[in-house]
Amino acid sequence: MLEIRGITKHFGNLFALNKIDLNVEEGELLGLVGPNGSGKSTLFNIISGHYHPSAGEVRYRGEKISGLRPDQIARKGIMRVFQANISFGDVTVYENILRGCYLLGDANLGELFFNTRRYQNDERKMKQRVEDVVEFWNLSGWRDNLASSLPHGLQRVLSLAVAMAPYPKLLLLDEPMTGMHPEEVASMSEHIKRINQQGITIILVEHNIKFVLSICPRLVVLNFGQKLADGVPQEVVGDKEVITAYLGERVA
Amino acid sequence: MESLFGKGNKRAPLFVVLLVVILLPLMSDDPFYLSLIIGALVWSVVAMGFSAVMRTGSFSMGQAAFMAIGGYTACLLQKNLGISFWYGLLIAGVIAALSAAVIGIIVLRLSGMYFSIITLAFGEAVRVIAENWLNVTGGMNGIIPDPPSPIHIGSLTIDFVSSQVPYYYLILIIVIIAALVFWRLDGSRFGRVSRSIATNELLAQHTGMHPMKYRVVIFTIAGFFTGVAGAYSAFYHVFLHPANFGMNQSIAVAIMAVIGGSGSPVAGPVIGALIVSAVGDYLTTLLAGLKPLVYGIMVVVILFLLPNGMVQLRDSFVKLFRGQPGIQQRPGAARNTR
Numbered sequence: 001m002l003e004i005r006g007i008t009k010h011f012g013n014l015f016a017l018n019k020i021d022l023n024v025e026e027g028e029l030l031g032l033v034g035p036n037g038s039g040k041s042t043l044f045n046i047i048s049g050h051y052h053p054s055a056g057e058v059r060y061r062g063e064k065i066s067g068l069r070p071d072q073i074a075r076k077g078i079m080r081v082f083q084a085n086i087s088f089g090d091v092t093v094y095e096n097i098l099r100g101c102y103l104l105g106d107a108n109l110g111e112l113f114f115n116t117r118r119y120q121n122d123e124r125k126m127k128q129r130v131e132d133v134v135e136f137w138n139l140s141g142w143r144d145n146l147a148s149s150l151p152h153g154l155q156r157v158l159s160l161a162v163a164m165a166p167y168p169k170l171l172l173l174d175e176p177m178t179g180m181h182p183e184e185v186a187s188m189s190e191h192i193k194r195i196n197q198q199g200i201t202i203i204l205v206e207h208n209i210k211f212v213l214s215i216c217p218r219l220v221v222l223n224f225g226q227k228l229a230d231g232v233p234q235e236v237v238g239d240k241e242v243i244t245a246y247l248g249e250r251v252a
Numbered sequence: 001m002e003s004l005f006g007k008g009n010k011r012a013p014l015f016v017v018l019l020v021v022i023l024l025p026l027m028s029d030d031p032f033y034l035s036l037i038i039g040a041l042v043w044s045v046v047a048m049g050f051s052a053v054m055r056t057g058s059f060s061m062g063q064a065a066f067m068a069i070g071g072y073t074a075c076l077l078q079k080n081l082g083i084s085f086w087y088g089l090l091i092a093g094v095i096a097a098l099s100a101a102v103i104g105i106i107v108l109r110l111s112g113m114y115f116s117i118i119t120l121a122f123g124e125a126v127r128v129i130a131e132n133w134l135n136v137t138g139g140m141n142g143i144i145p146d147p148p149s150p151i152h153i154g155s156l157t158i159d160f161v162s163s164q165v166p167y168y169y170l171i172l173i174i175v176i177i178a179a180l181v182f183w184r185l186d187g188s189r190f191g192r193v194s195r196s197i198a199t200n201e202l203l204a205q206h207t208g209m210h211p212m213k214y215r216v217v218i219f220t221i222a223g224f225f226t227g228v229a230g231a232y233s234a235f236y237h238v239f240l241h242p243a244n245f246g247m248n249q250s251i252a253v254a255i256m257a258v259i260g261g262s263g264s265p266v267a268g269p270v271i272g273a274l275i276v277s278a279v280g281d282y283l284t285t286l287l288a289g290l291k292p293l294v295y296g297i298m299v300v301v302i303l304f305l306l307p308n309g310m311v312q313l314r315d316s317f318v319k320l321f322r323g324q325p326g327i328q329q330r331p332g333a334a335r336n337t338r
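Here the protein sequences line up with chains A and B, keeping their order. For the first sequence, my numbering gives the first residue as 1, with consecutive numbering after it. For the second sequence, my numbering gives the first residue as 1, with consecutive numbering after it.
Keep in mind that the hints were calculated from the coordinates and are not lab data. Being a predicted model, the structure only gives us computed values, none of them experimental. Please note that the accuracy of each hint is not assured.
[What the hints assert, rightly or not] The list that follows gives simulated cross-link-like pairs (lysine to any residue, SDA-like), each with its CA atoms no further than 25 Å apart:
| hint | chain 1 | residue 1 | chain 2 | residue 2 |
| --- | --- | --- | --- | --- |
| 1 | B | K213 | B | M113 |
| 2 | A | K127 | B | M113 |
| 3 | A | K210 | A | E28 |
| 4 | B | K213 | A | S66 |
For reference, chain B alone in the conformation it holds in the complex (with noise of 0.2 Å):
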């Protein structure tokens, strides 16, 4: 099988990623740059979640609604009910995965547009509601909750008020968690029925296998991941508003997974992630207004000369690693060994 990030034997270029990784926040002093590594690290998971929906064939246009869900869960249950954080976060995205559920078993029956149609309509229902609801969400006035409690090791004492860089280790924490897996599922016979039913259902079906019952678990358990990184992310930003999940970043999410990588359960949309997210506030800062055309533009450019997303860099650089030629994939092709 391979491994996380590269494939084959060489282990060594997983390692130095990791390293660089763990070492990041000692890297600046400025915690603008660790902010926006935050952010595209939030934004991964649930690309991660939309990657592996997609590969089932099933291109859901409203993820941002499961981190809304998650969200006001967890921030509800911390202003409501006195719960802290730590177990918002879980319920949070137990809350999402249900509702994940739910949507799912009724709409996954839908073939691809409509299917995307309609998830594009729940995610807006689910920012109507969160706009409306005054009485529960606070409206457009959004909730602030408060931070984490403290975690307490021994006589060390991690709070969550002080510095940014504890969040940044929690969302790694999230963020590997998800990766392993969203990769266990996409390498074993998961990803294969995934895959089979994506590419021809109704071999796939005459083959023995049952579409809705993948579709409907691989949905949910992207649910979960993405509604506990909406509640990451009310907690990081200190403040929770409906026009946060709504679809614009739904649609962020979709552009993440494929300009990442279709086929790539994790290294895909965590590349993909870094370039939208992070490059996106980046450039933010520089280009207010044009941004919109340059994210435009770099979407468009990146899909024709990597068709495949870019992972296809990455499995070059691999390959030109360990000294053997590239090969030109077919765009939008799916993985063949497993």
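Bound conformation, chain A alone (with noise of 0.2 Å):
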């Protein structure tokens, strides 16, 4: 599905990324890990089209996505939560997820401007899959909030909700878990393997080891911008060159 071929990325002589080469298939549960400053945020922001590589390409589909605009790759279906909380804080919940529905909409500038039945089509299945997605992540209780008033574990989810409203193919998950206490891991936990379960394809990047070894079938971990390890937990775990790297200890 996304075929990333010789990405490197370099800021001046700092090279965040030297020559990667990773291949997605459709429907996995990839985990990516690596030290922090290895070029994993580096890797989304290129994949999501806020960079342009230095060199190499990113092909989704078959089709080369790296130079595009971050809204076209979004448009194509790949959708991003980023790192720290980011969202329209000066509005309510419900209004950040109807923001998240863009891409719902079908009705053109002109269409908007004189309310054809497109256009309001358009918002009625935009304003009916709000209600779905508030529904499916227990936001029900804090619709009407400010997001910028949620607790920090809740913004975390509501960035995955507006990311996953216009039906994303590919998630890219840049470390979801940061700063949740254990249930809300486990409630995060489960709602990522719920998600690629309905067939959504999930890069994932995460510091809780333990986390991604648990529910991550196949794991990349990278150092320094380039890839060290690629496969199997287990083989990657007990790799030395990671071992060394990054993971210090084997964990148990």
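Relying on the hints, combine the two individually framed chains into one complex.
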């Protein structure tokens, strides 16, 4: 589904990514791990279109997407959840998710202006989707609260809910568990598994190694912009280079 | 969806306002007061455009330049090609819109501060060109257009020479059309996207929105109405001069939109224009040299008491009318539910 070939990204003399090759199959739940600064977020930035690669290309379902704008890439069904809590903080949870439904609209500007039937259908479709999303993520109690007033854990959930709203095919999850306590981690973990079971491909960046090892059938390890290992968790965890670079002691 | 000049089902306030507005010329014999209102209405159109652009996150400090472009287009079409004011008005809007589109595509990529500075520079550039392109614009002599040709409806003739009342109804129509356009855009998905790209452009992009498209479109629409306002203004004052549409005016427009209320597509700019333009012009007759001082104090006081602009008063009043307590909004907050 996603082919990353020879992706290199440098900022001046600093090589954030150096000839990364990676294939992601449709329906996979892939864990992407590595120390801070290893290039995980940079790779996400390139896939989502926020950066253009210095070299190499990214193909999605055979089509080259590296070099497209973020909104064009989102339109193809690739959604990204950021590491930090990024939301439209000054509006409600409902409104945030509604904005997330933008891609569900078909009507163009003229139809919008004259309030044609297609535009009205769009709006109805979007509003219904918001209700479904709020329900799925148990956000009903927070529906009319400002996004910025949500506790941290729920803000992470909201980011994911917003990303899920337009029925993405590929999700780039950048550390969804950051700052969550164990119950929230368990709940989020369930949600991620459920999403993946629905057929959505997920690339998951997470520092919580125990969690990643438990749910990801495949792991890729990055360090200093290079791929160190790629395979099932048991192999990766046993890989000498990986152990030296990142995992330290072998995780039981 | 909210109604134009007040929230909710009680449209009584709207009808009262409409009635007053339609009967306004009958309320006083002194043409001075009507001229104040006409001036304010012209600026309200420009302020509506500024406000709409502002709500995508861009402060355009050169809107008066589009008035100049509109003004000179209409006047020169009449002077050189004999094209009637009535066509000139529309063509002025189109030319101003095209200019806005071209400038916008280049300049709207820039972030906030840089965009504001470049638009300021653009405004000045237009003024300087108007001052120096003697062959075309007449430079500092300005242009004196002929009055609009009279309108004949049956046996009734409306002429634009003997009274300013026809001018009043003309600007009223322009204001209403502009109001409907901006109100519709703001209340629809367009407004939702505008507010998104203004608040968090990164997230908006990753949600599938294309910020440049929306910025350029609204900038162009604002340019159209601003050009029309400029053309109208040139003919109403029977004089078009480069100094009429310079930096001071661009800044005044910004103040109008902010004082009136940045979250409001129509009521805010109109109220802001009334206060800044009508009250300002009125004060000039009383205070002459003190006007800038009084102006400045007025702006500071208003923004201190009403951070969301004058529309806060309207909202509180309407809520009072409906028997609800007013809500104190966060300053600068965009409206929530669309």
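K213 (chain B) paired with M113 (chain B) [C-alpha distance capped at 25 Å]: 20 Å, holds
25 Å limit on alpha-carbon distance, applied to hinted pair K127 (chain A) and M113 (chain B): 36 Å, violated
Pair hint outcome, K213 (chain B) versus S66 (chain A) [Cα-Cα no greater than 25 Å]: At roughly 21 Å apart (the allowed maximum being 25 Å), S66 (chain A) and K213 (chain B) satisfy the hint.
25 Å Cα cutoff - pair K210 (chain A), E28 (chain A): Since the Cα atoms of K210 (chain A) and E28 (chain A) sit roughly 19 Å apart, the hinted pair holds (cutoff 25 Å).
When each numbered hint is compared with the structure, a violation occurs for hint 2 only.
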